[in-house]
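The listed protein sequences correspond, in order, to chains X and L. In case it helps, my numbering puts the first sequence at residues 1 to 290. In case it helps, my numbering puts the second sequence at residues 1 to 361.
Treat the hints as calculated values from the structure; they're not laboratory data. Any given hint might turn out to be false.
To be verified - A short, non-exhaustive set of chain X residues, derived as facing chain L with CB atoms under 7 Å:
1. P19
2. V123
3. S186
4. E189
5. P208
Stated by the list, open to error - Straight-line Cα separation of at most 27 Å, DSSO-like style, residue types lysine-lysine; simulated pairs:
6. L:K168 x L:K231
7. X:K198 x L:K153
8. L:K66 x X:K198
Note that the Cβ used here is the ideal one computed from N, Cα and C, for glycine as well.
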Amino acid sequence: MWRKMTSTEGGRGLLMVSPPFFYALALLAMPLGAIFMFSFWTQDFVTLDTTFTLNNYREILEKPIYGALLKRSLYVSGCVTAVTVLLAFPVAYFVSFHVRPERKSLWLFLITIPFWTSYLIRVFLWKVILGYNGVVNTGLLNIGLIDEPLTFILYNVNAVIITLAHAFAPFAILPIFVALEKIDRSLLEAAQDLGESKFMTFIRITLPLSMPGLVAAVLIVFIPTIGDYVTPELMGGAGGKLIANMIQTQFLALNNAPLGAALAIVAMLCVTAISLGFVLLNRRWLRGRG
Amino acid sequence: MTSLITLKGVNKYYGDYHALRDIDLTINEGEFFSLLGPSGCGKTTLLRTIAGFESVSDGVVMIGGKDMAGVSANLRPTNMVFQSYAIFPHLSVAENVAFGLRKRSDLDKAAKQALVDDALDMVGLGGFGARAAHALSGGQRQRVALARALILKPKVLLLDEPLSALDKKMREQMQVELIRLQRHVGITFILVTHDQEEALVMSDRIAVMFEGRIGQLDDPETLYRRPNSRKVAEFIGKMNFLKADVKAVGDVIDLDVAGLGKVRVAAEQAPEPMNTGPAVAGIRPETLAVLFDGETTVRKLVDGVVDEVVYYGDMTYYDVRIAGVAQPLNIAMKNLIGRPVLEVGEKTRVVWDERSLVVLR
């Protein structure tokens, strides 16, 4: 058995991936399994009633608050994804097509600068920028563009979207940049040679060939933002709370871990369904790549 | 023959680098024209200035009597086959070929489809339309690139080293096909290549370029038989160079050639104007011969010793040392029936003829 495993290439590969595989299993699959089991149990004050029940899911379906929070989470993630990817594309395009090759790594390095400070500090900085007496409001007041401070930019959904879009920008820029870098520049010349203008060349060649990067960017931004907890907690105020905040509340404040677990499972199913849609879409684009 | 493309005093600078130097060139309608030269000689730059991908720093590019200054690549009557073929990977073969037809509003869908089918048939890819572009071999990509360019019926087809990525056998096959295709469609072809054999096989005329300049522009035979400089002679085929001393220049040229003695040649054997004094006499390996035992000749002979033998199957290449010349003479011999292969160190006689000499400065 041992000899067989070390003699064939497949066996050696299996041997090499098994430690990280078991590590991943322990850290990912087991908590996930625990959450899954919890979601079918009931909290009975300090003890857990482990008889199987679908009551938690029933409650999520029946009480409108959960559906509303989930919808808001999806809406916020959708907005963040759209804003981030739309803003990231021009940046990636500029770095890939207009920055001299020897400067590109410097540009990518600069794009990662926000990661040098902790995420929490960046969120607090956005508070300083967007606050009632923040940078934006004082600035606009001083130049006389507004008479009283804007209130729609902090402690609501808008603030959450702005902060998340900024936090995830590098994650969107990098995959799009990679996809653009992979485009053979002679394809663009060929399209022009065949009679197309620069704009039509972009529409017919650059955009379709950058699709895999765009889809990757969408997934990378969408999946983590839907479960984000810190930003809505700090920036969302009362009206900007998302599903993750409710899960946290159930687990800790309300001491109802089973309901929190069921909420987590429902949120995960939503993400899975949407991601699968994108993956299928991506496959269509990837198929045509040599 | 009417001229189609005219370049006058074309110069191109990249910063301090002078890529094209005073190019004057006329290319005729229906001609198969080649730009030949080592890498970095400016041949691709010249092709790209005709295509409109590079602007000229100085000078005029005219196509069909129109000045092309300020006309971008998508509006020029030229189409290009790229070195990398530049097949769009996200489109099928038929979509690739039909790419340039988008703006042809005079054609309905069926007419476009018919044009695509015709173009694919022409390059021998009939029935390949539905295939994905990335599933094609190198030779097939090449053909798709040709069909995609020719479907637009350009005045000029520009080919940027189109065969360099193919293996030898495929390359030779495509050379013949390209010649046939060019005769069939009657479009002017401009080929960029660094392969002298390819240029000789395919072209009506060849411009040999060195360091941004055209060194010689002639038909293949003249280029091979009467190169106008050592550089051209060395780039195209092999040539033996012997020191010479020109004694008299007139209707004939009298000169002393090292190792061969006093020689009289016709004036046209010196492609450039000659003066008396030191010069170089060139002679191609296949115009020399080793005289084997039992063979006779009416031509001139010089004694030599075999210095090196390289056996190629159909040919044997000899290096033969003759008195008074430091560099041994390279001689190409066909291995005809009954001819032995000589050994290194054997004494032999070399047959030569003054008519195959070319006198260079």
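Going down the list of hints, with the structure as the test:
1. Using the Cβ-Cβ criterion of 7 Å, the hint placing P19 of chain X at the interface with chain L is not satisfied: the shortest such distance is roughly 37 Å.
2. At its closest, the beta carbon of V123 of chain X sits 40 Å from a beta carbon of chain L; the interface hint therefore is violated under the 7 Å criterion.
3. About 4 Å separates the beta-carbon of S186 of chain X from the nearest beta-carbon of chain L, less than 7 Å, and the hint is met.
4. Given hint, E189 of chain X at the interface with chain L, holds; its Cβ is 6 Å from that chain's nearest Cβ, closer than 7 Å.
5. Taking 7 Å as the C-beta cut-off, the interface hint given for P208 of chain X holds, the closest approach to chain L being about 5 Å.
6. As the CA atoms of K168 of chain L and K231 of chain L are separated by approximately 26 Å, the hinted pair is consistent with the 27 Å bound.
7. Pair hint K198 of chain X plus K153 of chain L holds up; C-alpha atoms about 22 Å apart against a cutoff of 27 Å.
8. A hinted pair counts as satisfied when its Cα atoms are at most 27 Å apart, and K66 of chain L with K198 of chain X qualifies at roughly 23 Å.
Checked against the numbered hints given earlier, this structure breaks hints 1, 2; the rest are met.
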